[in-house]
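Chemist: For the record, the sequence lines run as chains A and B.
By UniProt numbering, the letter at position 356 of the first sequence is numbered 356, and the numbering carries on one by one without gaps.
By UniProt numbering, the letter at position 141 of the second sequence is numbered 141, and the numbering carries on one by one without gaps.
By construction, these hints were calculated from the structure, which means they are not laboratory data.
Any given hint could be a false lead.
Because identical chains share one entry, a pair is satisfied inside a single copy or across any pair of copies.
As the list claims (entries may be wrong) - Computed cross-link-like contacts, PhoX-like style, restricted to lysine-lysine with a CA-CA straight-line distance of at most 25 angstroms:
1) Lys308 <-> Lys227
2) Lys349 <-> Lys317
3) Lys227 <-> Lys299
4) Lys349 <-> Lys91
5) Lys175 <-> Lys50
6) Lys228 <-> Lys3
7) Lys32 <-> Lys317
8) Lys317 <-> Lys202
9) Lys291 <-> Lys3
10) Lys32 <-> Lys291
11) Lys342 <-> Lys227
12) Lys25 <-> Lys299
13) Lys317 <-> Lys91
14) Lys33 <-> Lys74
15) Lys25 <-> Lys342
16) Lys32 <-> Lys3
17) Lys25 <-> Lys50
The structure displayed is predicted, hence computed values, not measured ones.
2 protein chains.
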Amino acid sequence: MRKIIVNLNYASYPIYIDFNLLNIKDIFYPLKKNDRVMLVTDTVLSPIWKNIVLGSLVDYGMIVDELIIPDGEKYKNFVSVELLISNLLNKCHDRHTTLIALGGGVIGDLTGFVASIYQRGIRFIQIPTTLLSQVDAAIGGKTGVNHVLGKNMIGSFWQPTSVIINLNFLNTLPKNQFISGLSEVVKYAIAFDYDFFVWLEKNINDILSLNMNTLLYCVTRCCELKKKIIVIDERENNCRMLLNLGHTYGHAIESYFEYSSFLHGESVSIGIVIALYTSEILGLLNIVDIKRIINLLEKIGLPTIIPKEISSRSFLKYMIRDKKNYFGQITLILPTSIGEVKVFNNVSKNIIMDAIQMCY
Amino acid sequence: MRKIIVNLNYASYPIYIDFNLLNIKDIFYPLKKNDRVMLVTDTVLSPIWKNIVLGSLVDYGMIVDELIIPDGEKYKNFVSVELLISNLLNKCHDRHTTLIALGGGVIGDLTGFVASIYQRGIRFIQIPTTLLSQVDAAIGGKTGVNHVLGKNMIGSFWQPTSVIINLNFLNTLPKNQFISGLSEVVKYAIAFDYDFFVWLEKNINDILSLNMNTLLYCVTRCCELKKKIIVIDERENNCRMLLNLGHTYGHAIESYFEYSSFLHGESVSIGIVIALYTSEILGLLNIVDIKRIINLLEKIGLPTIIPKEISSRSFLKYMIRDKKNYFGQITLILPTSIGEVKVFNNVSKNIIMDAIQMCY
C-alpha cells in the first residue's frame, strides 16, 4: 500500500493507494466502533460497489445510513445539498458524524461541501471511484457545487479525514470516463514533471489496458505532485492556480453545454490544447512540443479540437466568470515547456481569440 | 475609539467600538479605493441607515452594489443564500470582492455564511446594528442559516475582516430588540464575570436609558469576554460551548414558535432561567443567586417564564437536535455560581423535565 501524508498547518491526513484497500483493517481510522456514518453514493455506483463498502463499514462496527444521489454533474447543485442535509437532520446525525463519499468528483465535491457546512463542519472520508477523482478531485479539500451561472461557484476548502484510493474501482469504470481522467494525468506531467510525461508516452498502452502496477505508479505520482502543491498553497492564492492548466478554457466548454455533452476531462483536454496554442502565440512554447502533447492526448483518445457549436465569442463570455480572474482580467495558466507552467494575468482578448480560432 | 484585536492562529482582525465610527478615515481598512463591495442589509434598516453607510463607502472610493433582504429570522434560510449568490454572480463579483453586512444577527449570519462559500470564500465586514449582534453574533465567525428542522444547522466558521460596532445604531433600535440583546449581556456576566454582573445591577437604568458612555463600557466588556473565549477555542470544541448558556433551552422555544413569537434574546432569557433551576436541582446553585439573576432579568423587562403553549415534552424533542449534543445525550451549560458555568453532558431527562416544570 502506498501512503502519502498531506501535511497542512492545522491538520494532516493520509492518502492510501492500492488494490483491495477495503479489506484492510483500520482503513477507516480514526473512525471507531459504534460511530455513525452517512454513506453517499450515486445511482450508477450503488448497484456495483455500495454493498461492498457498506459491508466493510458494518464489519468495522459502524452505524451506517446511506443516501443515493442521481448520477451526473447536473445533480452537483444546491438541491442535492439540501437533500443530503435534510437526510442528516431527519436521521438526527449530530456534529460527530462522518460523511463517506463513494463516487467520482460530483459525489466527492458535493459530500465534502455538505461536510463543511453541516452544523458548521463535520468529518468526511473520500473514497474516489473514478480515475479523475483518484488523481485530482478527491485530494486537496476543494469542495463545491455548481450554479447555473458557473461551475463550482459555491464551495469551500474543507480537507477530508482520509482519502482511500482503491484501484479496483477502475475495473468497472466506463472507458470514456477512464480516458477523461487521463487528461488530468497528462495535465500534471505538462505542468510539473517532464520525466513523468516521458514515462506516460512510454507506458500509455499499459495504462489504457489497465495494467494495475502501471496504474499504481501513475496514480501515486499524480497524488504526490498534487500534494506538493497543496501543502504550499492550500487556498489557491498562488501556485495552486497552476493546477488549473486547461481549466479556464475547459470550464467554458462545460458551461456552454451545461455540463452534458462533454465529460470534465474531455473539456480539459481541449482546454489544454487551446492553452498550448496561446503559449505558442505568446512565443512561450514551440510547435514540436505542442505536437508531442497533442499526439499523446490523441493516442489516449481525448478530444483535441473545439466542437463547432461553440463560437469563439461564447468562450469569452464564460471565461470572464472564472474564479481566478481579478478585476475583469482573464487569468490563464500557460505552459512554457513540457514540465513547466506559469500564471498569466494579462493575456489580451485578441490573443485568446486567435488561440481559440486555431483549435477548430 | 475602543479597539479589540481578535488574534487567531491563521489571522487576526479588529473590533472597533464607538459612536460615529463611519466618519473615521480608514475605518474600512484593508479595503481600498476601487475595490468592489456588496452591501447587504434588510428592509427595516435600509430606509434608516443604508444611505449613511453607502455614503461612507462611496466617499472611500469603493464600487458598491447592494442587496436588501426582507427583515426577520425566517429569511435566514437557503433561499436568501441563493438570492445573494445569484446577485453576486449576475454582477460578476469575483473572489476579490467583499461583502458588508449591515444589520443584526440575521444579516450578519447570512452574509458571513455566503462569504464563506462564495467562490470558496471571500472577505466580509460586519457592521452590526442591534445590541445582540454588537455584543455577540457579529464577533467570532459563527455564520449560518436555519433549516426547518433546526436553527443554525447549516453554517461555517468564517471570521470577518473587521467588526465595526457603531453605537449610534442603538438610538433607532426598537426597545424590545434592545432588551432582547441585554439577555446576552447578562449571559456573559453570569457565565464569566461576577464583577460585571454587579456593575450591571448598578447601571441597568443608565443602560436602559441609552446612556452612551455606560453602553460603551457594557458593549466593550462583552466583546472582551467573548474574544477571550474565541481565541482559545474558535471551533467550539471545548470552552466556546460555555457561551451557549441558556441557548439549548432557548433554541427549543424559538424552534417551537418557528422563530416568530419570541425574539432570540427573549428565548435565551427564559432558557437562562431554566438553566438556573436545572443547576438548583443538581445542587450547583443556591436559590438566593437564582432570585438575584431573575430579578435583574425582570428589571430589564425580559421574560422569565415559559409560555403555556409549549409542553415540557415539546422541549425535549427540540433540544435533542442541538448541535452540542453527542450520541443522543443532551449537553447543557449550567451556572455553578454567578460568574462561572460548566458543561454537563449527562443530565438526565427527568431532571431536565423537572427544571422545565419549575418555569411555567
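Chemist: Which earlier hints can't be squared with this structure?
Modeler: 1, 3, 7, 8, 9, 10, 12, 14, 15
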